[in-house]
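Undergrad: This is what each chain is made of:
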Amino acid sequence: MTDTISARPLELPIEPDAGSRRLSTAKAMQEAIAQRMARDDSVFVMGEDVGPYGGIFSSTSGLIERFGPDRILDTPISETAFIGLGIGAAVEGMRPIVELMFADFFGVCMDQIYNHMAKIHYESGGNVRVPMVLMTATGGGYSDGAQHSQCLWGTFAHLPGMKVVVPSNPYDAKGLMTAAIETDDPVVFMFHKGIMGLGWMQKNRRAVGPVPEEEYLVPIGKARVARAGTDVTIVTLALSVHHSLDVAEKLEADGISVEVLDLRSLVPLDRDAIVRSVAKTGRLIVVDEDYQSFGLSGEVIAAVVERDPSLLKHVARVCVPDVPIPYAHQLEYAVVPTPARIEKAVRDAMAT
Amino acid sequence: MTPTHTQSLTGRSQVLTDEVRRGLLNTMVLIRTYEEAIRREYYADKQPAFDIGAGLIPGDMHLSAGQEPVAAGVCTHLSADDALTATHRPHHVAIAHGVALRPMTAEIFGRETGLGHGRGGHMHLFDPSTHFSCSGIIAEGLPPALGQAFAFKRRGSDRVAVAVTGEGAANQGAFHESLNLAALWKLPVVFVVEDNDWGISVPRDHATSVPSNALRAAGYGMPGVRVEDNSVEAVYAAAADAVARARAGEGPTLIEVHTLRLWGHCEGDAEGYRPELATVAEHDPIPRYRDTLLADGVLTDAAYEAMRASAVEKVEDAVDFARGSATPDPLDHLSYVFSEGAQS
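Protein chains in written order, with the numbering used here: chain A, 340 to 691; chain B, 575 to 918.
Keep in mind the hints are simulated off the structure, nothing from the lab. Heads up, some of the hints might be wrong.
[Claimed, not checked] Heads up, incomplete: computed chain B residues facing chain A, CB under 8 Å, no partners named:
| no. | residue |
| --- | --- |
| 1 | P702 |
| 2 | E714 |
| 3 | L720 |
| 4 | N745 |
| 5 | G773 |
| 6 | V776 |
| 7 | A900 |
Please read these numbers as outputs of a predicted model, since none were measured by experiment. C-beta: ideal position from N, C-alpha, C; glycine also.
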């Protein structure tokens, strides 16, 4: 609350050229954390298996070797206690990066997240800041079942007071992580396992990509046109960005021009970018690996409808229908957004 | 007068000077005067029919009368550099820890001059200048106290964090997770459990499997002490040890105080469930301690009256400040969600 020991923010480049060096998303995240830790003693990492194991999904690999166990802290399996500890440390001017191993585990610690981390700044009338990053793994596609495969970003985004960031590639992951540590607000940093570039899981080819060596920022709240197009807008995020890009490349041969908008964050939501794209194409498809009802997909559509309903010639959603994520591979791939489902949605849109 | 010696439960002898004893009473009197004034203001415009959302002080109101010995006994050992997290019933510890009465009262009145500019309310008081905060969720104030203690320890200071909670909270997971982690990492924390016998209407022996929550400290490898009979001097002694242990880097301590909820769980609670209701006031700790100090020659009637008058003056000044402060601008309802950037 007082005598903050955080280093003064540096002037960092915003979305510089990517260059030619290639990293996985996991390595890009590690690099962002390491570079900030190297210049700021107030930053520390805490969570289950973030130490020698390096994070179950490699978000912290190599950090304990460099920064030691005093700054990379393995915790007991006590999410309420250690997330709350992060909050208290942040209130006192430190910048904790706390890992919740799976987003699915929020059920055992949500009070600290939404009633404390997210509300203290508001309840204190802006007098107490909580500069904390809560990073967590999301997504399925590898038969981990109903309690280890959810995205849930819509649930976090629904609750006011926390920024919600969801990168889709290494470049954005590094810049968004740096921005998340830099901001004085709590940020939930939700990384999809399928874009981390892990050797033990089906790898998306874009999970390794160009990443600048220097520190830089990707501003939180700014969507990215991942591919420009004129016929159909796909608004999406995380792994679904890559499925959508694959579909767009395929359909180009059929003369269908697909624009893919990567949201990159849910809070703040870049409503202007959504409306701008739909104003161009008139057709909107939201591809979201989160549950369909009461979530991001409806919010994206509402963003257009509230601004100008006449922009929309066609709307569709490719989401997880409102069922728990099934275990059997065949069932799981019947519910998650696949390239086939996205392609069908685009072709249907073009038929209207 | 010669100083009174109190044998603490962990064996160290505490010296209680006359000045400290008068100070303990003075803090207790200030708290009670405050709670009486808040109670008066709370009901003032809720007559004849009680409407919880109406009046100058709207909403739920949990007052701390009877629990003053905990606040005075613990906070006397703290400075404004030490942190304290409190519960839905926070006024006594806020006052004892030195939270300024004017902005605190203005917050309770929902005014722009309040600690949270009217965004928090009486269960959500945040005072950065004394590292004070509270939470309306049972036991959930404990984990943030661990983080404050972690930051203090990391900076090499001897500052401590005190986490106050009720006996009902000791059955929550957050309580047990926090005790384990604080002990594991030897954090400079003092856990203070206020056992006021009641979790709203459920008596503690219907809710808690052990006769004393101090026993539970052993399960986490930390000292646990229970203070009986709501004795401010016994609380003072126990807290002296616990705070000293924390400052010395020896880790956390749990203190449970068998205290007294003099009034209802919240205002408007008729307490029909409470069989001993007719005799509760007989156990009021303030007249008892005042009489002890009078009998010991530490206090005179005149000095007590002066103490009381000074408290009334401070409290009424704060109430006047709150009543005279502007209410928040309704158009400003989106401010403070974030420190920077867009609001949604």
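Undergrad: Against each hint, give a clear statement of whether it holds in the structure.
TA: Verification of the supplied hints:
no.	hint	in the structure
1	P702	holds, 4 Å
2	E714	holds, 5 Å
3	L720	holds, 4 Å
4	N745	violated, 14 Å
5	G773	violated, 18 Å
6	V776	violated, 21 Å
7	A900	violated, 14 Å
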